[in-house]
Each structure stands twice: as structure tokens, then as C-alpha cells.
Amino acid sequence: MREFFMRFLNKLLRRDEKLKIGLYGHPNSGKTTLANTMSQDWLGKPIGLVSNIPHETRSVYRQERVSIKQDGVELDFDIIDTPGIATKVDYKNFLEFGLSEDEAKERAKEATKGIIEAIKWLDDVTGVLLVMDATRDPLTQANITIIGNLEARKIPFVIVANKIDMEESNPDRIISVFPQHTVVPISALHGENTGELYMSMVRKFK
Amino acid sequence: MDFLSSDALESLSSMEKISMIVDRVKEGDLLVIEGGLSPAEEAELIETTMREIDIEQFVGIDIFTLEKDERSFFGFSKKRKVGLTIIGPANVMKAVKKKSNFLSMIAEIGDSGASVH
Numbered sequence: 041m042r043e044f045f046m047r048f049l050n051k052l053l054r055r056d057e058k059l060k061i062g063l064y065g066h067p068n069s070g071k072t073t074l075a076n077t078m079s080q081d082w083l084g085k086p087i088g089l090v091s092n093i094p095h096e097t098r099s100v101y102r103q104e105r106v107s108i109k110q111d112g113v114e115l116d117f118d119i120i121d122t123p124g125i126a127t128k129v130d131y132k133n134f135l136e137f138g139l140s141e142d143e144a145k146e147r148a149k150e151a152t153k154g155i156i157e158a159i160k161w162l163d164d165v166t167g168v169l170l171v172m173d174a175t176r177d178p179l180t181q182a183n184i185t186i187i188g189n190l191e192a193r194k195i196p197f198v199i200v201a202n203k204i205d206m207e208e209s210n211p212d213r214i215i216s217v218f219p220q221h222t223v224v225p226i227s228a229l230h231g232e233n234t235g236e237l238y239m240s241m242v243r244k245f246k
Numbered sequence: 025m026d027f028l029s030s031d032a033l034e035s036l037s038s039m040e041k042i043s044m045i046v047d048r049v050k051e052g053d054l055l056v057i058e059g060g061l062s063p064a065e066e067a068e069l070i071e072t073t074m075r076e077i078d079i080e081q082f083v084g085i086d087i088f089t090l091e092k093d094e095r096s097f098f099g100f101s102k103k104r105k106v107g108l109t110i111i112g113p114a115n116v117m118k119a120v121k122k123k124s125n126f127l128s129m130i131a132e133i134g135d136s137g138a139s140v141h
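Going down the list, the protein sequences come from chains A and B.
Residue numbers for the first sequence follow my numbering, beginning at 41 and rising by one.
Residue numbers for the second sequence follow my numbering, beginning at 25 and rising by one.
The hints are simulated quantities; they were obtained by calculation from the structure and are not laboratory data.
Note that the Cβ used here is the ideal one computed from N, Cα and C, for glycine as well.
There's no promise every hint is true.
[Unchecked claim] Far from chain B by the CB rule (all over 12 angstroms, computed), these chain A residues:
1) L59
2) G88
3) Y101
4) D177
[To be verified] The following residues of chain B were derived to be distant from chain A, with all beta-carbon distances above 10 angstroms:
5) M44
6) E58
7) E132
[Said to hold, decoys possible] Restraint ranges, calculated between C-beta atoms of paired labels, are given here:
8) A:R243 <-> B:K121: 34 to 42 angstroms
9) B:D31 <-> A:G138: 48 to 56 angstroms
10) A:D164 <-> B:D53: 29 to 37 angstroms
11) B:G107 <-> A:R105: 44 to 52 angstroms
12) A:L135 <-> B:G107: 37 to 45 angstroms
All chains, please: the whole structure from these sequences, using the hints.
In C-alpha cells, the structure reads:
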């Protein structure tokens, strides 16, 4: 364990750019919940608001200087929590969550801007956690587009199969769809298996 | 529904390709394109779509791809390549079942329904 972090630290010291880890994925896949769990684990405070209405995060949140302290080794990096990437935004979908028509339209407008912002941030991040909802079909165009862009830009990433606390979750489906990539099943809400995720981050982003 | 061969797109720049796709989809066209877009073009397509969403009339796009195996010149290795890309308005393409070699979708046009398999 210590060796891992030491190697990670050594690599970091040789980097000119700061390590910026972006959380990407569909709306409502649990990016902000994970960002909060990570921030809580390492800084003792959350990063952003969460809700079960899609597109809750509509602009990029940045938590600077997050530190992992492990076996006497300290690592510093930024967490970038991004709005969910989708190919469509229909305000009518928000009405079922009890928003008024005006609120739903405003939310939709902000969501479209947030998606553009999230895509632009792909140029700036040095590593990505691609968060997928393990209760849903992972083979979506948004996921394919994000992975294609990460591969083309040579940005290292870990796929996070989130929501394994839910009965209908099926992280194995994500593993079988993306066998060539690192997939870590977790529950960001309950902090389940996050230790394994942090180790995978160290391995991938070193 | 428009069918576009890869030759028809080859002569266009990425920017021209994206504007052509978004313009047609905004008019309600469903495009079936031979081959696929590059990852950068896909990201650009999503960005352009987000800029064009007007809340009432155009709520975005749906994209589906069918992949095929492509063998290298010597036939030693094979990799998956996009064979067909289907892009349409999100409020028209209603349901899709996708398997590795099969795509089923239903496009709702006005009050009538059209089914494409």
C-alpha cells in the first residue's frame, strides 16, 4: 500500500501540471454523491448539493487541494464535479418531480449550458472517474462518447459502477460491456468499496 | 429518413458534417449514416445540439450505432468498428432495443407510428 502511494507521489512530483480528477457520467448517476463522499473522506466536508431530480449539478464544481493521507504519504489533487452529459434535455421530464413549468424550463436551459461546460472541461482534466448507474443499461451514446474522447485524448480513467446498494443493480453488466477497462463497483451513498476505488485511482492516475 | 454514404460525408469538414446533421435533425429528419463519427466529432455534435436546444421545439438528439468486426490487413487481429449510425430528434425516436448485431427502434411521426428494424 505504502509503496503504491510513494510511487504515485513520485510521479506527481515529476509532473508540471496539477492532478485534476473529473467526475463524468450521465445525469443522476451519482457523481456529486461520490464527490461528496471523497471530499468527506479526505477533507471532512461535502462539495455540492445532491437531489434525485436529474441535472441537479448544472455547472462545474471544483474542490481544490484534496489530500489523501495514507501511511504517512500525502497526495494533493483537485476534484472536478461536472454536470451529467446527455444528448437531450426535455423540460417535461422535470415536471414529474414537482417542478413548475417555469422552473423546469429554467433547469433545462441551465442543464444544456452545463453539458457544454462539462465537455469543455475534458481538455483540462488529467484523470477521470466515469460514474455509471449500475441499475441502468451502461451502453449509452453518452458513455460511448465520453470513453471515445478519453481514449483519443489519452486521459486515464476508472469506470465507477455506482449504486450497488440497490437491489436491481447489476455491476457485472458494466464489467461485461467494458471488459478492457477498470470497473470498480461501489455505493457512493454508503461508502461501500470506496477503498478499492481509491486504490484503483492511485494505480490509474499515477 | 435520409441515408448518407460514407463518401457523401468524406468531403465535408467536421464542422460542416456536424452542422449538416444538426440542421437536418432539427427539421425532423432521421439520418442513417454509413460509418461513424470520430470521438471529437461526437463531442462536438453534443455541444452543438445543446446550443440548438430551444426547450419547446427541439429537445435534443438520440444517437445509436451498430458495430461490425473489422479484420486487419493480414487478418490476425480484429476490432469493432461503427458500421451504421442513426441520428434523429429525441422526441421522435421513442424506443430502442439494442443487441450486438441488431437494432430495433420506433419513430413516432405526428399521430402515426412508424417502426424501423
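Right, here's what the structure says about each hint:
1. Listed as a non-interface residue, L59 (chain A) keeps its Cβ farther than 12 angstroms from every Cβ of chain B; the least gap is roughly 22 angstroms.
2. The non-interface label for G88 (chain A) is consistent with chain B: the shortest C-beta to C-beta separation is roughly 21 angstroms, beyond 12 angstroms.
3. Look at Y101 (chain A): its CB is around 19 angstroms from the nearest CB on chain B, clear of 12 angstroms, so calling it non-interface holds up.
4. With a least beta-carbon separation of about 8 angstroms from chain B, D177 (chain A) fails to lie farther than 12 angstroms from that chain, contradicting its non-interface assignment.
5. Taking the minimum C-beta to C-beta distance to chain A, about 17 angstroms, the non-interface status of M44 (chain B) holds against the 10 angstroms cut.
6. No beta-carbon of chain A comes within 10 angstroms of the beta-carbon of E58 (chain B); the shortest separation is about 18 angstroms.
7. With a cut of 10 angstroms on Cβ distances, E132 (chain B) stays outside the contact zone with chain A, its closest approach being about 14 angstroms.
8. A beta carbon spacing of about 36 angstroms between R243 (chain A) and K121 (chain B) agrees with the range 34 to 42 angstroms that was offered as a hint.
9. Checking the proposed 48 to 56 angstroms range against D31 (chain B) and G138 (chain A) shows it holds: the Cβ atoms sit about 51 angstroms from each other.
10. In this structure the supplied range 29 to 37 angstroms holds for D164 (chain A) paired with D53 (chain B), their Cβ-Cβ distance being about 35 angstroms.
11. Distance hint for G107 (chain B) and R105 (chain A): a CB-CB separation of about 47 angstroms, consistent with the stated range 44 to 52 angstroms.
12. For L135 (chain A) paired with G107 (chain B), a C-beta distance near 38 angstroms keeps the hint of 37 to 45 angstroms intact.
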